[in-house]
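The chain contents come next:
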Amino acid sequence: MSHVAEIQVEIKDLDALEAACKRIGTLELVRDQKVYKWWGSSVGDYPLPEGFTAEDLGKCDHAIRVKGDKHAYEVGVVRARNGKQGYVLHWDFFNNGYGMQAQVGENCKHLRQAYAVEVAKKAAKRQGMNVREQKQQDGSIRLVCVGR
Amino acid sequence: MSQVIINIDAEGNTTVSVKGAKGKSCKSLTAKIEAALGQTVKDDKTPEFFQVVAASVKVGQ
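Protein chains in written order, with the numbering used here: chain A, 940 to 1087; chain B, 300 to 360.
FYI, nobody ran anything at the bench for these hints, they're computed from the structure. Careful, some of the hints might be misleading.
[What the hints assert, rightly or not] Simulated pairs of lysine-lysine, DSSO-like, Cα-Cα distance not exceeding 30 angstroms:
1) Lys341(B) to Lys1064(A)
2) Lys973(A) to Lys318(B)
3) Lys1061(A) to Lys1048(A)
4) Lys1006(A) to Lys951(A)
5) Lys1060(A) to Lys341(B)
6) Lys1074(A) to Lys344(B)
7) Lys998(A) to Lys1023(A)
8) Lys951(A) to Lys318(B)
9) Lys1009(A) to Lys1064(A)
10) Lys998(A) to Lys1048(A)
11) Lys344(B) to Lys1048(A)
12) Lys973(A) to Lys1048(A)
13) Lys998(A) to Lys341(B)
14) Lys341(B) to Lys951(A)
15) Lys1074(A) to Lys341(B)
16) Lys1061(A) to Lys344(B)
17) Lys331(B) to Lys341(B)
18) Lys331(B) to Lys1074(A)
19) Lys331(B) to Lys1048(A)
20) Lys1074(A) to Lys951(A)
21) Lys1048(A) to Lys1064(A)
22) Lys344(B) to Lys1023(A)
23) Lys1009(A) to Lys341(B)
24) Lys331(B) to Lys1060(A)
25) Lys961(A) to Lys331(B)
26) Lys344(B) to Lys973(A)
27) Lys1060(A) to Lys1048(A)
28) Lys318(B) to Lys1074(A)
29) Lys1023(A) to Lys973(A)
30) Lys331(B) to Lys951(A)
31) Lys973(A) to Lys961(A)
32) Lys1006(A) to Lys344(B)
33) Lys973(A) to Lys1074(A)
34) Lys344(B) to Lys961(A)
35) Lys1060(A) to Lys344(B)
36) Lys1048(A) to Lys318(B)
37) Lys1074(A) to Lys1064(A)
38) Lys1006(A) to Lys1048(A)
39) Lys1064(A) to Lys344(B)
40) Lys344(B) to Lys331(B)
From just these sequences and the hints, can you work out the full model?
If you want it as structure tokens, here you go:
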């Protein structure tokens, strides 16, 4: 092995995010949905996301919802600020987001993992590599990519 | 044949590593995958990285 790189994953590819929702199965990305469902006002119990004000909450560029669930809160896909690339995920996890957290995981970790898998597979395939996916016992997913 | 191994744990922590590529060629294999994923925050080179690809040296008279 000749180098190991640690990557801070950034959500930049909406197609891969859509594929991540399909991978989880119960989620769908709704492009250009400009508001996401949440409690409706900040009660100030948690710090606001970096670069955002209380007025920004509830507004988004795209949204993710639980298919066929009218009660679940939604995840806002919001363009990052402060010179950062891509999108950030905003959502209200009060009462586990009324069913959203069971799908996206705490801190959206299931969704982030699914996104990273999809975007990495896409990038490897674009370079002509064959990709084999292996689910590990500890819940991690390993992609073995073999070059030409 | 070289292999790129991408590991994404249950928290979403992601690493990219290469097996079987010598020297800087492994970096070119993964650069686009790393860029598609996001920011590379740490990059540890293992001994294989420092192997010189053309190891044969002609000794002149």
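Do the hints match the structure? See the list:
Straight-line distance between C-alpha atoms of lysine 341(B) and lysine 1064(A) comes to about 24 angstroms, which keeps the hinted pair within the 30 angstroms bound. Proximity of lysine 973(A) to lysine 318(B) is assessed by CA-CA distance (about 44 angstroms); at most 30 angstroms being required, the pair is judged violated. With a C-alpha separation of about 20 angstroms, the suggested pairing of lysine 1061(A) with lysine 1048(A) holds against the 30 angstroms cut-off. With a C-alpha separation of about 23 angstroms, the suggested pairing of lysine 1006(A) with lysine 951(A) holds against the 30 angstroms cut-off.
With a C-alpha separation of about 21 angstroms, the suggested pairing of lysine 1060(A) with lysine 341(B) holds against the 30 angstroms cut-off. Restraint check for lysine 1074(A) and lysine 344(B): satisfied, since their Cα atoms lie roughly 26 angstroms apart, inside the 30 angstroms limit. Restraint check for lysine 998(A) and lysine 1023(A): satisfied, since their Cα atoms lie roughly 18 angstroms apart, inside the 30 angstroms limit. At roughly 27 angstroms between alpha-carbon atoms, lysine 951(A) and lysine 318(B) fall within 30 angstroms of each other, so this suggested pair holds.
Proximity of lysine 1009(A) to lysine 1064(A) is assessed by CA-CA distance (about 37 angstroms); at most 30 angstroms being required, the pair is judged violated. Proximity of lysine 998(A) to lysine 1048(A) is assessed by CA-CA distance (about 21 angstroms); at most 30 angstroms being required, the pair is judged to hold. As the CA atoms of lysine 344(B) and lysine 1048(A) are separated by approximately 28 angstroms, the hinted pair is consistent with the 30 angstroms bound. Restraint check: the Cα-Cα separation between lysine 973(A) and lysine 1048(A) comes to about 23 angstroms, which is no more than 30 angstroms; the hinted pair holds.
At most 30 angstroms may separate the alpha-carbon atoms for a hinted pair to count; lysine 998(A) and lysine 341(B) exceed this at roughly 34 angstroms. Proposed proximity of lysine 341(B) and lysine 951(A) is supported: the alpha carbons are some 20 angstroms apart, at most 30 angstroms. Distance restraint check for lysine 1074(A) and lysine 341(B): the Cα-Cα separation of roughly 24 angstroms lies within the 30 angstroms cut-off, and the hinted pair is therefore satisfied. Note on lysine 1061(A) and lysine 344(B): the hinted pairing holds, with a Cα-Cα distance of about 25 angstroms set against a maximum of 30 angstroms.
Distance hint between lysine 331(B) and lysine 341(B) is fulfilled; the C-alpha atoms sit about 16 angstroms from each other, no more than 30 angstroms. The hinted pair formed by lysine 331(B) and lysine 1074(A) meets the criterion: a straight-line CA distance of about 23 angstroms does not exceed 30 angstroms. Distance check on the hinted pair: lysine 331(B) and lysine 1048(A) sit about 24 angstroms apart at the alpha-carbon level, within 30 angstroms; holds. With a C-alpha separation of about 24 angstroms, the suggested pair lysine 1074(A) and lysine 951(A) falls inside the 30 angstroms cut-off, and the hint holds.
A hinted pair counts as satisfied when its Cα atoms are at most 30 angstroms apart, and lysine 1048(A) with lysine 1064(A) qualifies at roughly 24 angstroms. For the given pair, lysine 344(B) sits about 27 angstroms from lysine 1023(A) by alpha-carbon distance, which is consistent with the 30 angstroms threshold. A hinted pair counts as satisfied when its Cα atoms are at most 30 angstroms apart, and lysine 1009(A) with lysine 341(B) does not qualify at roughly 42 angstroms. Our distance criterion of 30 angstroms between C-alpha atoms is met by lysine 331(B) and lysine 1060(A), whose separation comes to about 12 angstroms.
With a C-alpha separation of about 24 angstroms, the suggested pairing of lysine 961(A) with lysine 331(B) holds against the 30 angstroms cut-off. Simply put, lysine 344(B) and lysine 973(A) have alpha-carbon atoms about 44 angstroms apart, too far for the 30 angstroms limit, and the pair is violated. Distance check on the hinted pair: lysine 1060(A) and lysine 1048(A) sit about 18 angstroms apart at the alpha-carbon level, within 30 angstroms; holds. About 19 angstroms separates the Cα atoms of lysine 318(B) and lysine 1074(A), which keeps this hinted pair within 30 angstroms; it holds.
For a cut-off of 30 angstroms, the pair hint linking lysine 1023(A) to lysine 973(A) stands: about 20 angstroms separates their Cα positions. Of the supplied pair hints, the one linking lysine 331(B) and lysine 951(A) holds, its CA atoms being roughly 14 angstroms apart against a limit of 30 angstroms. Restraint check for lysine 973(A) and lysine 961(A): satisfied, since their Cα atoms lie roughly 21 angstroms apart, inside the 30 angstroms limit. About 44 angstroms separates the Cα atoms of lysine 1006(A) and lysine 344(B), which puts this hinted pair outside 30 angstroms; it is violated.
This hinted pair does not check out: lysine 973(A) and lysine 1074(A) have alpha carbons roughly 35 angstroms apart, beyond 30 angstroms. Restraint check for lysine 344(B) and lysine 961(A): not satisfied, since their Cα atoms lie roughly 36 angstroms apart, outside the 30 angstroms limit. Taking the CA atoms of lysine 1060(A) and lysine 344(B), the gap is about 23 angstroms. The hint holds against a cut of 30 angstroms. Taken as a hint, the lysine 1048(A) and lysine 318(B) pair is honoured in the structure, with Cα atoms around 28 angstroms apart against an allowance of 30 angstroms.
Annotation: proposed proximity of lysine 1074(A) to lysine 1064(A) holds, straight-line Cα distance about 19 angstroms (limit 30 angstroms). Distance restraint check for lysine 1006(A) and lysine 1048(A): the Cα-Cα separation of roughly 19 angstroms lies within the 30 angstroms cut-off, and the hinted pair is therefore satisfied. For the suggested pair lysine 1064(A) and lysine 344(B), the alpha carbons sit about 25 angstroms apart, so the restraint of at most 30 angstroms is met. The straight-line distance between the Cα atoms of lysine 344(B) and lysine 331(B) is roughly 18 angstroms, inside the 30 angstroms bound, and the hint therefore holds.
Checked against the numbered hints above, the structure violates hints 2, 9, 13, 23, 26, 32, 33, 34; every other hint is satisfied.
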